Amino acid sequence: MERIPFGVRQLDSIVNGGAPTGSVVLLSGEAGAGAREFMHTSAVVNGLAHADDELFDLHYGTPSANAVLPEEVHYISFTASGSQLVEEMRIAMDDDVVDAGTEAVDFHDLSERYFHISPVPREWYADRTPNIKDLRTRHEREDLLGALGMLLNDVAGGNLVVIDSLSDLISGMGEEITWADISFLVSGLQKAAYEWGGLILLYVNHDTLSDVRHGQLSDAAHGTMRFAWESGGSTRARTLVIKQFRGVLSEIEDENIVQFETEIGDAGFDISDVRKIR
Numbered sequence: 065m066e067r068i069p070f071g072v073r074q075l076d077s078i079v080n081g082g083a084p085t086g087s088v089v090l091l092s093g094e095a096g097a098g099a100r101e102f103m104h105t106s107a108v109v110n111g112l113a114h115a116d117d118e119l120f121d122l123h124y125g126t127p128s129a130n131a132v133l134p135e136e137v138h139y140i141s142f143t144a145s146g147s148q149l150v151e152e153m154r155i156a157m158d159d160d161v162v163d164a165g166t167e168a169v170d171f172h173d174l175s176e177r178y179f180h181i182s183p184v185p186r187e188w189y190a191d192r193t194p195n196i197k198d199l200r201t202r203h204e205r206e207d208l209l210g211a212l213g214m215l216l217n218d219v220a221g222g223n224l225v226v227i228d229s230l231s232d233l234i235s236g237m238g239e240e241i242t243w244a245d246i247s248f249l250v251s252g253l254q255k256a257a258y259e260w261g262g263l264i265l266l267y268v269n270h271d272t273l274s275d276v277r278h279g280q281l282s283d284a285a286h287g288t289m290r291f292a293w294e295s296g297g298s299t300r301a302r303t304l305v306i307k308q309f310r311g312v313l314s315e316i317e318d319e320n321i322v323q324f325e326t327e328i329g330d331a332g333f334d335i336s337d338v339r340k341i342r
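In this text, residue positions in the sequence shown follow the numbering used here: the first is 65, and each later residue adds one.
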């Protein structure tokens with residue numbers, strides 16, 4: 065089975081190269097626990113594979129024999145521009161890695177559609193001055209999910225796509241976007257991803273969901289990766305648990321692994337320790 069690397073070297077080596085092609089993976093995390101860093105690392109390191117062989121070899125190494133690098137890397141955001149995201153990535157990752165890796169990442173900014181139906185002043189999210197037509201259509205529905213769907217049709221085939229984030233869609237729920245819309249979106253992605261043959265990463269802040277709704281999203285995705293803080297005495301550690309993932313969880317169970325301890329290094333998200341069943 066061909067796999068697309070997550071871009072996290074130690075994790076990819078354990079799961080036989082990465083995620084099976086055609087996968088939709090829910091990255092569900094507590095604030096600051098590493099889910100965003102995982103998402104950024106996956107985009108940058110896979111971009112690095114196309115942009116700078118030397119840096120890729122230094123920070124990642126040789127991909128598994130089963131691994132197939134994505135043809136392209138696409139990062140879709142509902143609230144931030146590409147330049148904003150690059151600056152955010154610099155906070156946790158080395159500048160040289162970010163600069164080289166993001167050269168091969170296509171950023172797609174959907175913030176104008178996302179904020180268009182909100183009371184947020186237009187000058188906060190759009191560059192140009194509004195005209196009469198803009199003012200007249202201010203309260204007309206902008207089909208954000210339709211725009212997302214058309215974009216994915218164009219860019220998802222054989223590629224890595226990061227969607228940042230479901231939390232933004234949940235925060236914007238109302239007459240224009242309902243919970244059913246979001247649930248159907250993830251279910252539809254699962255079906256379409258099989259034909260696209262790439263890898264889609266969906267980020268969601270775990271705290272924005274009830275247990276029932278989180279379960280619905282988990283069932284709709286091929287895999288769910290849970291990022292959390294674990295306290296021990298006076299210290300805290302970032303942890304990763306793969307809750308469910310067809311074609312991946314079996315690899316981890318064979319190794320009797322129950323949890324990964326993680327850290328943020330120069331090349332982004334990484335695994336620092338593996339806890340096994342004793």
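If you're looking for bench data, these hints aren't it; they were derived computationally from the structure. Remember, predicted model here, so these are calculated numbers, not experimental data. A hint or two may mislead.
The calculated label-pair distances, taken between Cβ atoms and stated as ranges, are [said to hold, decoys possible]:
#, residue 1, residue 2, range
1, 118, 170, 21 to 27 Å
2, 176, 95, 41 to 47 Å
3, 277, 310, 32 to 38 Å
4, 320, 117, 32 to 38 Å
5, 336, 182, 36 to 42 Å
6, 314, 182, 27 to 33 Å
7, 154, 275, 18 to 24 Å
8, 255, 294, 33 to 39 Å
9, 252, 305, 37 to 43 Å
10, 176, 337, 18 to 24 Å
11, 96, 318, 15 to 21 Å
12, 218, 317, 15 to 21 Å
13, 252, 340, 35 to 41 Å
14, 294, 182, 33 to 39 Å
Beta carbons are placed, not taken as given, at the ideal position from N, Cα and C, and that holds for glycine.
Hints, verified against the model:
Between residue 118 and residue 170 the beta carbons are some 23 Å apart, a value that agrees with the proposed interval 21 to 27 Å. Look at residue 176 against residue 95: about 26 Å separates their beta carbons, and that is not inside 41 to 47 Å. At roughly 21 Å, the beta-carbon separation of residue 277 and residue 310 lies outside the given 32 to 38 Å, and the hint is violated. Separation of residue 320 from residue 117 is about 35 Å and conforms to the stated range, judged on CB atoms against 32 to 38 Å.
The hinted window of 36 to 42 Å between residue 336 and residue 182 holds, with their beta carbons roughly 40 Å apart. Between residue 314 and residue 182 the beta carbon distance is about 44 Å. The supplied range of 27 to 33 Å is therefore violated. Range check, residue 154 to residue 275: Cβ separation about 35 Å, and the 18 to 24 Å hint is violated. Between residue 255 and residue 294, the C-beta spacing of about 35 Å keeps the proposed range 33 to 39 Å intact.
Between residue 252 and residue 305 the C-beta distance comes to about 26 Å, which lies outside the given range of 37 to 43 Å. Between residue 176 and residue 337 the CB atoms are about 43 Å apart, so this pair departs from the stated range of 18 to 24 Å. For residue 96 and residue 318, the hinted distance range of 15 to 21 Å is not satisfied, since their beta carbons lie about 31 Å from each other. Here the CB-CB span from residue 218 to residue 317 is close to 37 Å, at odds with the stated 15 to 21 Å.
For the hinted restraint 35 to 41 Å between residue 252 and residue 340, the CB-CB distance of approximately 37 Å keeps it satisfied. Roughly 36 Å separates the CB atoms of residue 294 and residue 182, a value that falls within the hinted 33 to 39 Å.
This entry does not satisfy hints 2, 3, 6, 7, 9, 10, 11 and 12, going by the numbered hints stated previously.
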